[in-house]
Amino acid sequence: MRRLIALLLVLVLIGIVYTNVIRSRRFTAPSAYDYPMADSLDLYYYNPEDVQIYLQSCTDLGQLARFLWTEYRVDVRFPQQATLEDQEKAKAYWALFNQAQYLEAKLKQSRVWKDQGFNNSDIRRLEEEGLSPQVIAFENAYGPLLSLSWTLGSRGDHISMIQEYLVAQGFAIPIDGSYGSQTRDAVKEIQRRNGGLMTGVPTLHTLAYIFEPSN
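Position 3, counted from 1, in the sequence shown is what numbering that gives the first Met the number 0 calls 2; the numbers after and before it change by one each time, with no gaps.
Derived by calculation from the structure, the hints in this document are not laboratory data.
Treat the hints with care, since some could be wrong.
[To be verified] Subject to a maximum C-alpha distance of 20 Å in a straight line, what follows is the list of computed SDA-like cross-link-like pairs (lysine to any residue):
{"no.": "1", "residue 1": "Lys105", "residue 2": "Pro35"}
{"no.": "2", "residue 1": "Lys105", "residue 2": "Gly129"}
{"no.": "3", "residue 1": "Lys187", "residue 2": "Gln168"}
{"no.": "4", "residue 1": "Lys105", "residue 2": "Gln55"}
{"no.": "5", "residue 1": "Lys105", "residue 2": "Tyr43"}
{"no.": "6", "residue 1": "Lys187", "residue 2": "Ser213"}
{"no.": "7", "residue 1": "Lys105", "residue 2": "Glu127"}
{"no.": "8", "residue 1": "Lys187", "residue 2": "Trp149"}
{"no.": "9", "residue 1": "Lys113", "residue 2": "Pro47"}
{"no.": "10", "residue 1": "Lys90", "residue 2": "Gln80"}
{"no.": "11", "residue 1": "Lys88", "residue 2": "Tyr34"}
{"no.": "12", "residue 1": "Lys107", "residue 2": "Asn46"}
{"no.": "13", "residue 1": "Lys107", "residue 2": "Arg124"}
{"no.": "14", "residue 1": "Lys187", "residue 2": "Tyr208"}
{"no.": "15", "residue 1": "Lys88", "residue 2": "Tyr32"}
{"no.": "16", "residue 1": "Lys187", "residue 2": "Ile174"}
{"no.": "17", "residue 1": "Lys107", "residue 2": "Leu40"}
{"no.": "18", "residue 1": "Lys187", "residue 2": "Ser177"}
{"no.": "19", "residue 1": "Lys107", "residue 2": "Glu128"}
{"no.": "20", "residue 1": "Lys113", "residue 2": "Glu128"}
{"no.": "21", "residue 1": "Lys90", "residue 2": "Pro78"}
{"no.": "22", "residue 1": "Lys105", "residue 2": "Leu125"}
{"no.": "23", "residue 1": "Lys187", "residue 2": "Ala167"}
{"no.": "24", "residue 1": "Lys187", "residue 2": "Leu144"}
{"no.": "25", "residue 1": "Lys90", "residue 2": "Arg76"}
Could you build all of it, start to finish, from the sequences and the hints given here?
What follows is the structure, given as structure tokens:
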């Protein structure tokens, strides 16, 4: 009789422990549900709304994952084990997850570009116009030259510089810092070779062929 009572007590104890474990699992979501914010992000990205959405997504993902666990026993850490019904319930989570991943990649890339010396205006052009970093870097380096004078008789260090590059390409012109007819004709020849308008006034494309002819 005592053995029977002891056995019943053990079974009751096992039942209590099992119930508590299940209850604990149901109402205590794993800490792994937290979505950690990535390192090396550009938090001063040109579009601050994207930064705010990303930061909010990091918080919302953990909360949504816990909700799915406590309410439906859907564990987003193991999507391969999810039933079709579970997948349907977790759609909002995965949509938010994909959005966070997309914005995270943008903010990481923006940080890389800023570390290379580009500013928000440059990065916007890189993304929206599809320009390469090399093009933006060239524009930043040589674009200011276009605002200088390139009329016949103009003088300046910018003219001496372009003359040096033209001489390096085989043009027999003086390096005197004066934009004379010989220098203008050399510029026209560069424009002709590369299918540009032969105005004799450098454009950004003309400068690219003069300063970086191999590209």
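Consistency of the hints with the structure:
no.	hint	result
1	Lys105 <-> Pro35	16 Å, holds
2	Lys105 <-> Gly129	14 Å, holds
3	Lys187 <-> Gln168	14 Å, holds
4	Lys105 <-> Gln55	16 Å, holds
5	Lys105 <-> Tyr43	12 Å, holds
6	Lys187 <-> Ser213	18 Å, holds
7	Lys105 <-> Glu127	12 Å, holds
8	Lys187 <-> Trp149	13 Å, holds
9	Lys113 <-> Pro47	15 Å, holds
10	Lys90 <-> Gln80	15 Å, holds
11	Lys88 <-> Tyr34	19 Å, holds
12	Lys107 <-> Asn46	14 Å, holds
13	Lys107 <-> Arg124	17 Å, holds
14	Lys187 <-> Tyr208	12 Å, holds
15	Lys88 <-> Tyr32	16 Å, holds
16	Lys187 <-> Ile174	17 Å, holds
17	Lys107 <-> Leu40	5 Å, holds
18	Lys187 <-> Ser177	16 Å, holds
19	Lys107 <-> Glu128	19 Å, holds
20	Lys113 <-> Glu128	18 Å, holds
21	Lys90 <-> Pro78	11 Å, holds
22	Lys105 <-> Leu125	12 Å, holds
23	Lys187 <-> Ala167	16 Å, holds
24	Lys187 <-> Leu144	17 Å, holds
25	Lys90 <-> Arg76	14 Å, holds
In this structure, every one of the numbered hints holds.
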